[in-house]
Amino acid sequence: MHSTTRITKWSTAFAAGALALGLAACSGGTTPAGDDGAGDGGAEGPITIGFVAVGPEGAWRAANEQNVQDTFTAEAGFDLKYAPATNLDQKSQIDAFTSFVDEGVDVILLSATEGSGWEASLKRAQEAEIPVILVDRGIEPDDPSLYVTRLAPDNVEVATAVGQWASDTFPDGAKYFTLEGPTGVGVVNERNEGFDSVIGKRSDFVKVGAQTANWSTEEAKSVIETVLKANNNDIQYIFAQNDEMGLGAVQAIEEAGLVPGVDVKVSTIDGTKNAMQALADGKLSFVAEYNPLFGDTLLEVVNTVLAGGSVDSQIIVPSTTFDSPEAAKAALPDRKY
Amino acid sequence: MNRVKGLVKKPPFWGFVAILLLLAINLAKDPRYLAITVSPVTGNLVGNVIDILRVVAPILLIAFGMCLVIATGGIDLSVGSVMAVSGAVAMQYLHDHGAPDSVGDALAAIGLALGVALLVGLVNAVLVAVVGLQPFITTLVMMLAGRGLAKVVTQGQNTNAVNDPMRWIANGYVLGIPVVFLLALVLIVVVAVLIRRSALGLLIESLGVDPKAARLAGVDRRALLFSAYLLSALLAGIAGLFATGSVMTVDVSQTGYQAELDAILAVVVGGTSLAGGRFSLGGAVVGAFLIATLDKTIVFLGVPASATPAFKAVVIVVLCLLQSQRVRGWIGQAGARMRAARKAVA
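Here the protein sequences line up with chains W and Y, keeping their order. Going by my numbering, the first sequence opens with residue 14, and the numbers climb by one from there. Going by my numbering, the second sequence opens with residue 4, and the numbers climb by one from there.
Among the clues, some could well be false.
[Said to hold, decoys possible] Beta-carbon label-pair distances, calculated as ranges: (1) Y:Trp171 - W:Val272: 13 to 23 Å; (2) W:Val272 - Y:Gln158: 32 to 42 Å; (3) W:Gln82 - Y:Leu264: 42 to 52 Å; (4) Y:Gly46 - W:Ser216: 51 to 61 Å; (5) Y:Ala278 - W:Val219: 48 to 58 Å; (6) Y:Val106 - W:Asp115: 50 to 60 Å; (7) Y:Trp171 - W:Glu170: 41 to 51 Å; (8) Y:Gly151 - W:Ser323: 13 to 23 Å; (9) W:Lys104 - Y:Lys346: 36 to 46 Å; (10) Y:Gly285 - W:Gly213: 33 to 43 Å; (11) Y:Lys12 - W:Asp115: 53 to 63 Å; (12) W:Gly213 - Y:Val193: 49 to 59 Å; (13) Y:Gly46 - W:Gln327: 51 to 61 Å.
[As the list claims (entries may be wrong)] On the chain Y side, residues computed to face chain W include the following (Cβ under 8 Å): (14) Val44; (15) Gly159; (16) Ala246; (17) Ser249; (18) Asp254.
Read the hints as simulated data drawn from the structure, not as lab findings. Cβ coordinates follow ideal geometry from the N, Cα and C atoms, glycine included.
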């Protein structure tokens, strides 16, 4: 008995140690040290940019972060330090953010995995006079005094377009189900808000339910499989908040013996290549693009900010929508993500 | 009566009760919940029970592996990451080389994926059995490294692939029963027979109860640890193929994410102590079914996404309380007191 308690104690201590080491290694690896004071004026050498990124999450994120990395190259006079989160963990992002501040980079780009809990970190950056630009993901509560600007396609606007399409496609209303991203993420709330701003006014639209599938194809398939059974296949429309989940829903619909696009229509947001292909094949019915390729605009903003100019606290990147197989086929050859 | 009392004391009993209770709740919501029909389009059996059988397959496999590792006094936190690695290897291979209907390519992908999974298991085994590191630390490191490896394999993408044989394994049916469930059933029966019909189970228990005494008794510690960790990784590798095969897409940050927790939960709900020693494979099966039923119930009832974790937690806490002898004692005492009070009034 005595020895077991000791072993437990040891293993707890070891675990804590290993975690600390692991985290230290992570943040250390992504922000190589020995960068001597590029933040102090930065007259000589390249402009250092710390990019606190989300990391592998899906095709959209990959395209977005690749685009940012391709924009701020060494040839263009930048030294971009890319720090993706480990498994979408906010703690690892805050660690990376803090070490960028300590290092004194010139600008920090932030794509937060979670909206809340950034106040302390952002204040630290402000005290160190390092401008922070939010890339895509916003923070909650949204306090524009904590950052310079947020550059993103507007989730509310994109989701409103989806709602508008659904409203036009089902003039007599429909029973629908919403596949959400992880609970509490800002994107989810914004996409719900935009969609509800149109559909909420339509009393003939019946919301059967909403469930998170964590942006994942596999989980979405499992959720829709059960939801269809729980409702006797009596669902006409599924609003998937990203492409991956929409594609999972399509598979579940097919396996239930229904025809996607005819019996149940699925709309998605993002506009990745896989989704465009599915739209071209008639499996998805509507894809609203959430444009990830805004490196050029971001570059302009960074240059303006570094030159001491002022920018709007919210810059909306334009996005388009695709509502037919033909539109998808036309767009497919140029899809970069 | 005595037999019933004995049954009540066995932890898997309460897991079983919980499953029945969940099914009853679903039935109350929809009387046709348990109905199994034949789909007019595909000709397969369709029903919520069939869905549960498909969902339970990967959980069964990882819970079984976890149960053996825990019995040796260790723990394997890397199973979820092994699922991701194995799925990533298979999908990337099929994406790059696979023909859409080639059985050979599917088998090659499966072989390659399981090979990589075993490699992770081998690292775990060597570090635990030969180097003598704590299993917690070793597998924690492999949990982080494994997911990293999966990301390297797919270059951070969520790779998808087209291969009909592979899709059939994960989604197909034989005699109306999902292939994944049949495969999982065969695997766990083979493992269970191997362990319970030979002295292997006893040796593993002895290792978990008191490693020193086991060594003095001549138990080959290394060989046992190697087989436990390798088996756990192999089963997790197969679970990863099931999970990714169902949608033919690997999601490097989500496939098998927190699956190790599901596995540990299944094992503990089944009545195996985390301290090692005596273990219950049947209990792990009940635990796995409970988790699958719980997950499906949440969606079927339409529990709001924000309340899902709380709902899950409540079910599990209540279950653990019922399993605790002390709490059952309290309930028994309260009952006796009430009876006594009623008698006094009468």
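Going through the earlier hints one by one, which of them does the structure break, listed in rising order? 3, 4, 8, 9 and 10
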